[in-house]
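*Asks:* Sequence:
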Amino acid sequence: MRPVLLATLGSGVMVLTVSAAMGDVIRDAAADADDVAAGHALYESKCSGCHSLDTDRIGPRHRSVVGRTIASITEYDYSQALQQLGGTWTTARLDQFLSGTQQMAPGSKMYLEIDDPVQRRLIISYLQSVSRPGGDKQ
Numbered sequence: 338m339r340p341v342l343l344a345t346l347g348s349g350v351m352v353l354t355v356s357a358a359m360g361d362v363i364r365d366a367a368a369d370a371d372d373v374a375a376g377h378a379l380y381e382s383k384c385s386g387c388h389s390l391d392t393d394r395i396g397p398r399h400r401s402v403v404g405r406t407i408a409s410i411t412e413y414d415y416s417q418a419l420q421q422l423g424g425t426w427t428t429a430r431l432d433q434f435l436s437g438t439q440q441m442a443p444g445s446k447m448y449l450e451i452d453d454p455v456q457r458r459l460i461i462s463y464l465q466s467v468s469r470p471g472g473d474k475q
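Under the numbering used here, the first residue of the sequence shown carries the number 338, and numbering increases by one thereafter.
None of these hints come from the bench; they were simulated from the model. Treat each hint with caution, since some may be false.
Said to hold, decoys possible - Simulated restraints, written as ranges between beta carbons of each label pair:
id, residue 1, residue 2, range
1, Glu412, Asp369, 29 to 35 Å
2, Glu450, Ile410, 18 to 24 Å
3, Gln421, Glu450, 16 to 22 Å
4, Gln440, Ile395, 16 to 22 Å
Please read all numbers here as calculations on a predicted model, not as lab measurements. Note that beta-carbon positions come from the ideal geometry of N, C-alpha and C, so glycine has one too.
Generate the whole structure from the sequences, applying the supplied hints.
*Replies:* Rendered as structure tokens:
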């Protein structure tokens, strides 16, 4: 462990230490925040024409999509393709869908595909950041 901060408390000095692993966690958190910000920008440019976080539009709302049962928002009129898909929107499932919407769910309303795996990861990172654990339990 190595000291990283000295703080004066009353008449004494307290030395706070951080292990190398904790430093990695702090760096990872900063990288995660950068990913979320980049994903938000990509979401706004690629997804917000049809989707929003809190309102159903051409596509369903996305807040808490990660962990949500597919085609489960009762107020949204899903395509038959998505209704029959079943399962849960996990990060892996979202990645699969965004890379080939019509391959995964032929006949779905969504035709936009994100070919770049880095862009998909960033968008999904953003969606995960605005999702509650376990998704939206409508």
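*Asks:* The structure should be examined with respect to each hint, and the outcome stated for every one.
*Replies:* Outcome of the hint check:
1. Checked against the hint of 29 to 35 Å, the pair Glu412 and Asp369 passes, with Cβ atoms roughly 32 Å apart.
2. Separation of Glu450 from Ile410 is about 22 Å and conforms to the stated range, judged on CB atoms against 18 to 24 Å.
3. Taken as a hint, the range 16 to 22 Å holds for the pair Gln421 and Glu450, whose Cβ atoms sit roughly 20 Å apart.
4. Checked against the given bound of 16 to 22 Å, the beta carbons of Gln440 and Ile395, roughly 21 Å apart, stay inside it.
Checked against the numbered hints given earlier, this structure breaks none of them.
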